[in-house]
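Colleague: Below, each chain spelled out in residue letters.
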Amino acid sequence: MQLTGLLWGQKLLKKVGYPVADVLGPEATVDEIKALIKKAGQVFIKPVFKGGVGKKGKSGLIGRASDITTALKEKERLYFAEHVFGNITSKADGVTFEGGVPAEHEVYFSLSESTVFRAPTMTITHHGGVDIEELPPEKIKEVPFDPLTGLKSFHVSNALEELGAPSELISPLVQNLPKLWTLYNNYGMNMLELNPIRMYKNKKGRLMPIACDFKGSFDQDDPAWERLDMPAHLFASDYSEFEQEINQLRTYQGQSDVFVMNEKGTITVPTFGGGANALVTELLGERATISSDFGGNPPYAKMHDISRIVFKYWLEQSNVLFIIGGKANNTDIYETFRAMADALRDHFRTHGPTPLFVVVGRGGPNLIRGMSYMKETLEQLKLPFRIFGHDSAMSEVVNYALAVDKWMAKEGTKQVAKNLGI
Amino acid sequence: MHKEGVKNFPYYVGVKSLKDIATKDDTVCVLNITGNESRTVTPTSHEFSGGNIVFGTSPGRSGQSLSTKLGKIPVYNSIKEGMAAGHKFTTAVIYLPPSGVKDGVAEAVKHNPELKKVIILTEKVSISDSRTIRAICQTNGVDVFGANCLGVADAWNKVRIGGALGGSKPEESLVKGTVALFSNSGNFTTTIAVYLLTEGWGTTTSVSSGKDVYIHYGSREFLSALDKDNRSECSVMYVEPGGYYERDLTINKPMVACVVGRWKAKLTKACGHAGSLAGSGDDAKAKEKWFMDYFGVKSIYTPEKPVFSKKGAVVTNISHIPEALTRVMALNKKKPDFKPMGDLSLKCWFASNAGVKLPKALDVKTVTAVSPYGEQIELVEKQIGAQFPRQTLKDASGVSMMDPKTQVSKIHGLSILDASKRSLEENLVLSLIGSYPNAYGKKLANIALNAGVNLEGSAELIVADASRAAENSPNTVLSGAVSVVGKGMVKGALKASEILFKAFETSGLKSPEDKADIAKLVKTLTKADIKALSAKKDDDLAVAIFKKATSVKGCSVFLDFIDKATGGNPSTDAVISAIWTTLGWEALIGNQISQITINSLPWYSRIFSTFVGASVDSKNHEGGAFFGVTTEKLLGWSFTETSFLALLGRRPSKDELFEFSMLLGLIITNGPGTISAQGSKGGVSADGPEVPSRVQINKAFIGFLTHTGFAHGGNGYEAIAFLIERFKKSGLKDPSKKSSAQDLEKIALTYAKEYKAYKVSQKAEGNLNYAKVPCINHPIFKGLPVNFDPREQFVRELFDNKKIYNVFLDFYGKLVNALYKTKVSSNVYCVNVDAVIAVILLKMVWAPFINGEIGDKEVESAAFTTFLFGRMIGCAAEIDDHINRGKNMDTRSPASVCTYVK
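In order, the protein sequence lines correspond to chains A and B. Residue 146 in our numbering is what sits at position 146 of the first sequence, and the numbering runs on without skipping anything. Residue 215 in our numbering is what sits at position 215 of the second sequence, and the numbering runs on without skipping anything.
Rather than coming from a laboratory, the hints here were simulated on the basis of the structure. Hints may contain errors.
Claimed, not checked - Mimicking DSSO-like on lysine-lysine, the simulated pairs with C-alpha atoms at most 30 angstroms apart in a straight line are:
1) A/Lys204 <-> A/Lys152
2) A/Lys302 <-> B/Lys169
3) B/Lys360 <-> A/Lys410
Note that the structure is predicted; figures quoted are calculated from it, not measured.
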């Protein structure tokens, strides 16, 4: 759950009275843009991406204009711009016009949770405006602090002094940066980054730390962000239709984290346990349709619902239904297997049979009752299957599933389909 | 600010040695001890550890206790209360929901100065709460384990604290040895311990660290404590991407590190383990490198390319851990702790090729499972039938539900819209068996159901007639008749079912159409059994139904069995039971239904027949015929036709049969909350389903019947009366002919105008309870310019496809438009599903009604009885479900939710 850019960033920053550059959204009229150019001297035109998209500048996705014609041209260029970073392609939906902030100094500031210090940590440098990773360590200061008291002025001043920052920067930053802890701490954030903060000299000649970009991420498990009344669609693009539907069932009791691995995958794998998820994800790679963790002893109804949704989206394209987990400590195998078997039966009843090979590897409480139920169901559905005990190496079971997938693609699917009368 | 603990840490760490993590001296308080997870896990932990839990908390449950084999663990409202009662503890185990975890930790720290450890099992604790928890515990000198972990365990001390390490049988996995375990995955903590046994390695201390963003007890603390534990000669560490916990470690004892999750670098979302999402510098590849540098190895260890040093090895697959550890330890001149236990090769416990020819490499054969699972498989294979866990079923059901969005109910996972395309007899079988019969089964079901319809001279009919004469409503009449069908009336059939079940229980028979060694099975019967299956002299019906059942195309091993067992002279009870056992056997073997259900089927069958039979007065049960149709002939009818006959005194046409089936199907259920379902469930609940043999199934049906009435079930007549009023003077003769429809728009518009005038006048008088037009509009399907009830649309489309016309349905469509045109409604209302039921019924009775053969009362009675026939399907399913899954008196409402009103 990430937010980037000032369109929404300014709303958050204004909540705690932090100074921010003038920003107009995609709906801005020509007159408004003209007025902003007149006021600020120039505007930056940035595409609006939902979710987290960084390094827009490097990708040439920031426009700059000091006249309305250029501004509108840039708007046209960037409105539906595409941004590729790693595996992820994002598409913009709109632009912002951000007033230029003339300044001599640019500051980088972030708050995040440090696994080194195991505490919330401020990262700061007065050599901002560039990628923080590109700076040598001595130019950056990381300051962990007590979450019970929060980020204090002295944390900022001490850090800046140790960095040797120009003295005129210290006072305005000390006055303003601690406000960001309020935003971070009160609204369920786990990362907040302002880069650059441009030190703007106001009419009285005093410097003001103006936020000229915003990046933030929210903790999915902390409902505090809901207090911000941000529209739900802001985060919706993080998820596919399937993910949105299934992650509605996400609660602490019985995990149900599910994400799409490959929309063209051929092995659908309900996985039990975070560890199994890591292992299976690793070994199946792009052959898997989804990555999932259904551990935590989900009750029957929830497991049935999860399975129903998974089957609805993925079964038809799958060669192998692969149910895998280690030796469960607490998850009731009878309940979870009964739910999956019943959901499979219901799926066949409502959508018709589909040629599948079922591979299962699992251990845990009520194991044999669960496996036996699954076996009876698969026999009735006339599907070929292998069910392995928890004393088989999980990776070997995964390799078996992979081999079955290959064979199914080659000839098995046809044979199974024929047997099912399809 | 933090307390002083183990030196050299920039933060507080209290545990010095691994041997101190889980000891017999640790005394434990479990927060939310009565929660779902704790209730199952805590007793095992307590028993395994020799009774280390001193008390638990659960607000509002003070005075209760959690039973264990070592005695009861007392429960208090709070820690303060538990400590005031004299209990002392050193370790708090947190099972609270995420939002309560921080408060729970604060409570434990505030009230217990002796607190040393906190173990948090809860998943999805927010990061802000985690950092606060850490700060509180750091300040007060308390070690935190987790969150999102499974706790800690010690195989030497035989202690586990917190979660379910080792599952329900910790002694199987936690075997004493020399390996210390640290794992980001709770499940893998146990799985790795089990894998290590295959190379002969046991464990000392196992730490499930959790994998949230905050890992409070991390690898650094673990390694410091490992150095001071002289029992642990080496360690295994399982780590996932994300976080810098493993960077810059000092590792002094040999270790196998398993780093997984390279592929995860491609993902942008954490799955299960909130903290396992890596940035650029803390992904799996980076972590592999950190460990390779510690061990001085150049690559990952695999069995094919074993790269390791005296210091350790890095693997990326947990199944390589045992072998890698053995090789690393061999360089250290250490042998495994004991002889290998088991191995990790593929062991298939259940298999089927389903008739497909598999390549040899994939055709893995089953092996006998390791003890005790092998024995359990043997036992399970002997057991047949489902066993459902019992739960409170007051407002819950295992067979029906209503989708709140679509308002379409389901029975056994099947939409009633789909069910309405099936016949009554098919749906009755579905209600109890959970699936539809094949063509052969359908014919058999008709024979069994029709066999009991003619009630000539029976007590059921006498009671029903008396009740009818007293002007009772149809549900009251049927209640009387059904009350006669007690267990004593069906004991012969129930006995026959029991005999059949016992004879075939261990036969391995999968399908009733399979072959079986009947002669051998017959030999298992006692003389009393054979007598119970044989017809007595006056059992005339037996011959007819057996002849009919054996003449239809298909075969049943159960019919053959009773034939052989009785020398060709089976009783009616035996035939009925053989038919129902045939219908239910596959579902029984497939664990879809229980033994309780299959043995009760003849009772249900008799009740279904009584519903239809007793809805007709005795003058139509005369001379061995039902409405003039002899029983022999009736055996060849479908039960849907018989039901139509009971209502209207004639056999339906093909179209009428389709419409009637659909009508009954649409009524089947509205989910477990509907009054009729609640009535039937209450009937079961009050008898006590935990002793299923005590439940009076006929009484449960009476519960259903008494929970119907003029407002529920009889209200369909309201729409019929409305339509009669509109059409009785229209000259309409045949509602199925479109030519009759020429004036529909005019009738609709005239009425809409009249209604508008009426509505205006009533409002002017201040009467807001003016009469509403029945069966239009719906609280869900509204608000659009033109609205539709999808259920009504479904039926309309089906009728259109079959070219079945219904003038009344057509009229309703025109009526909602007329109401809009005359501005009675602000948009075009939907015609709701209740209208569909009314129009189908009215069409069936229109001719006799308009000809004066039947009057308003008979039409009303027919409408109500039709509802009862349809709802009988759904309620049969609820009754059987409640008997199988419900608890004694589970439909009661606690006094706390009841209110007193004056």
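Colleague: For each hint, tell me whether it holds in the structure or not.
Modeller: Hints, one by one, checked against the model:
no. : hint                  : in the structure
1   : A/Lys204 <-> A/Lys152 : 26 angstroms, holds
2   : A/Lys302 <-> B/Lys169 : 26 angstroms, holds
3   : B/Lys360 <-> A/Lys410 : 15 angstroms, holds
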